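Student: Read off the chains here:
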Amino acid sequence: MESRAQYFKPAAREALHNPDLQQALANVQAGFVGKRKFVVDRFPDFEGLRERGRRIKDHTLANLDVYLEQFEAQVHAAGGHVHWAGTQDEAQKIVTDICRQADARIVTKGKTMAGEEVELNEALEAAGVETVETDLGEYIIQLAHEPPSHIIAPAIHKTRQQISDLFNEHHHRGTLKDKLREVPELVDEARGILRQKFLSADVGITGANCLVAETGSLFLVTNEGNGDLTHSLPRVHVAIAGIEKLVPTLEDAATQLRLLARSATGQDMTAYTTMVTGPRRAPDTDGPEEFHIVLLDNGRTRMLEGRFREMLRCIRCGACMNHCPVYSAIGGHAYGWVYPGPMGSVLTPLIVGLDRTRDLPNACTLNGRCQSVCPVKIPLPDLLRDLREEQYQHNLTPRTTRWGLAVWAWFARRPRLYNALARAGIGAMGRIGRRKGRFRHLPLAGGWTAGRDFPAPQRTTFQAAWRQQRGANR
Amino acid sequence: MSDARERILGRIRTALGREGPPDAEATRSARQAAVGDGPSQRPEWQGDDLARFQQCLEAAAGTWVAVPSMAEVGRAVADYLAERPAGTAVHRAPDPALDAVDWPDHLTVETARDGRAALVGVSRALAGMAETGSLALASGPDNPATLAFLPDYHIIVLRTADVVPWFEDIWARMRQTDGFPPRSFNFITGPSRTADVEQTLQLGAHGPRSLHVVLVET
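Chains A and B, in that order, are what the protein sequence lines are. Taken in order, the first sequence gives residues 1 to 474; the numbers are from the numbering used here. Taken in order, the second sequence gives residues 1 to 218; the numbers are from the numbering used here.
Quick caveat, the hints were computed from the structure, so don't treat them as lab data. All values derive from a computational prediction rather than experimental measurement. Backbone N, C-alpha and C fix where the C-beta goes; we use that ideal spot for every residue, glycine too. Don't take each hint at face value.
[Unchecked claim] Derived lysine to aspartate or glutamate pairs resembling EDC-like cross-links, with alpha carbons at most 20 Å apart: (1) A:K179 <-> B:E6; (2) A:K177 <-> A:D165; (3) A:K197 <-> B:D152; (4) A:K35 <-> B:E198; (5) A:K197 <-> B:E6; (6) A:K93 <-> B:D105.
[Stated by the list, open to error] Anything over 10 Å on all C-beta distances counts as not near chain B; from chain A, calculated: (7) R55; (8) E119; (9) G137; (10) P147; (11) H172.
[To be verified] Far from chain A by the CB rule (all over 12 Å, computed), these chain B residues: (12) D79; (13) I188; (14) S192.
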């Protein structure tokens, strides 16, 4: 999808005042956060597991060429095809060409974030192929013509009422009298409709949770079983994955799987964890005749070069957004592209460009919860700070901020003057604000006081208090 | 798109500062140095592996019953189906291990090439994994992959001797097996489920609505 990250601020404001969205977002905290904590706490050494996960990914990234070539050779040995896509356009062309050659009328899709990234659905629809999302959440947002708002629960922003309305409109032409329907009924209705699509699809497209160099396999992790019906029933299976999804061995895949399910949904293991290797073998009686894997770059090799390589460790679990106070308040759509939350605020500027995503690295309180739950220990707050620095270096920081910083820096380099002014200013503010203990309005700080009060200072500067403290301790 | 291949690999090599062709042997020992010799951190439990397997399977909403021999599997399947609106038509996997099953006369048993016509499917798992209560099934002519996903009622036959503790044991075992990896190697942990509507858990999303394991004591 086209990035709308430049509209972050108005979109965030709108999200804060959307009662349906706020109702839906309450479920994130209640569900994901508590469930993750439960399974992580009972795991004997989750810290050690995270460290191992980090090391595996760092080692793989430092030898990515070796492992990609090994993976490619193993896919060929299993009878599959490997395609390399540098850009969105190349990825779209590869997949639409495969569908054309297969004379595809209907394509079923398992959830793929790489596919969202390169707008596969739009390209396939333009090529005249009916494209059906089969993950229930993805199916719901496809009906609503919306992008996902969470990387593992794409329709988390939708209420049951909204889903009932969507199904009424699309499955019953608006004829249903019962407006609000129960969850089992909704799930069953979607199951019936999508079952027909699974059985008649010509091509199935999935993503991959990880790729294994040792065997040329991909792992698919789902709870619904839609991924397996997508790759097992049609004549052709196409998978698309970022080049950073590799791990060297099956043991390394196991480490990643142990981290992924626990961090993502708070499960020890999802209902279906599947290892796919090539097309059907000669004696097989089901499974696709062709297997294709599209290895996607789309900005990843650029990240490999510099300080943002660490972001390529990401295994797309969504724990960072589940634990983010900003995401919890505004949901995923305000971030404007396919990846929301902390990982999105790092990835989107690096893939889409710094200039069109100015607000994202700044939409962060640097509280560090994301880093503390990240299964591969990505220092997300540091990376966001680095992006802010890059913005400053590229002159992308707003002029008022730059001037403010310049003025502050001028004083900060003159400590006596700085101290004198700080003392005077804080003393005055302390006296004026003593009675209420806070300011509702402050000159030059309207941006701050519009959303919250400014606490009155305690009449003395931090430095003075520090000196006093040190004196007392001696 | 072979030029895309060269372009991407070229960019990677530049980013990694490679000067000569990479050495696969050196990469292997670098992995060893980075990750260490020991196994991954993993769940631990008191007591035997079979009990752990059963407990985790139950936690994932799967059910199980133990029978003394392969012949008895038929009776166990019939009992299970009798309590459910599942009819009496059974689609069994062609796996030769299931040839020893003694099917009660009132069941119509068909050997399935895939799962398209099956309401009740019976497959055989190569292994059970105690750490998570998962069943490992290998696709192939003996166990068609779709038989595990299209039926409403999926019944899996597992020998208790095939229960192993961890992922690492599964890999060690499978690497010795001819034809590994198969096209699809499935870890199944309970029936199909979704929480996509308001985070409310609902079983039977796209795959089986229930999962039943018949443990054959060996």
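Student: Confirm or reject each hint.
Tutor: Evaluated hints:
Only pairs whose Cα atoms come within 20 Å are accepted, and K179 of chain A paired with E6 of chain B is rejected, the gap being roughly 56 Å. Our distance criterion of 20 Å between C-alpha atoms is met by K177 of chain A and D165 of chain A, whose separation comes to about 11 Å. Straight-line distance between C-alpha atoms of K197 of chain A and D152 of chain B comes to about 17 Å, which keeps the hinted pair within the 20 Å bound. Restraint check for K35 of chain A and E198 of chain B: the C-alpha separation of about 15 Å stays at or below 20 Å, so the hint holds.
Taking the CA atoms of K197 of chain A and E6 of chain B, the gap is about 38 Å. The hint is violated against a cut of 20 Å. Distance check on the hinted pair: K93 of chain A and D105 of chain B sit about 56 Å apart at the alpha-carbon level, beyond 20 Å; violated. The claim that R55 of chain A lies off the interface is violated: its Cβ sits roughly 5 Å from the closest Cβ of chain B, which falls inside the 10 Å cut-off. A cut-off of 10 Å between C-beta atoms confirms that E119 of chain A is not in contact with chain B; the least separation is 18 Å.
For G137 of chain A, the condition that its CB be more than 10 Å from all CB atoms of chain B is violated, with the nearest at approximately 4 Å. Even its closest Cβ contact with chain B, about 15 Å, leaves P147 of chain A beyond 10 Å, as expected for a residue assigned away from the interface. With a least beta-carbon separation of about 17 Å from chain B, H172 of chain A lies farther than 10 Å from that chain, consistent with its non-interface assignment. No beta-carbon of chain A is positioned within 12 Å of the beta-carbon of D79 of chain B; the least distance is around 25 Å.
The Cβ of I188 of chain B does not lie farther than 12 Å from every Cβ of chain A; its closest approach is about 6 Å, which violates its non-interface assignment. Not every C-beta of chain A lies more than 12 Å from that of S192 of chain B, the closest at about 4 Å, which undercuts listing it as non-interface.
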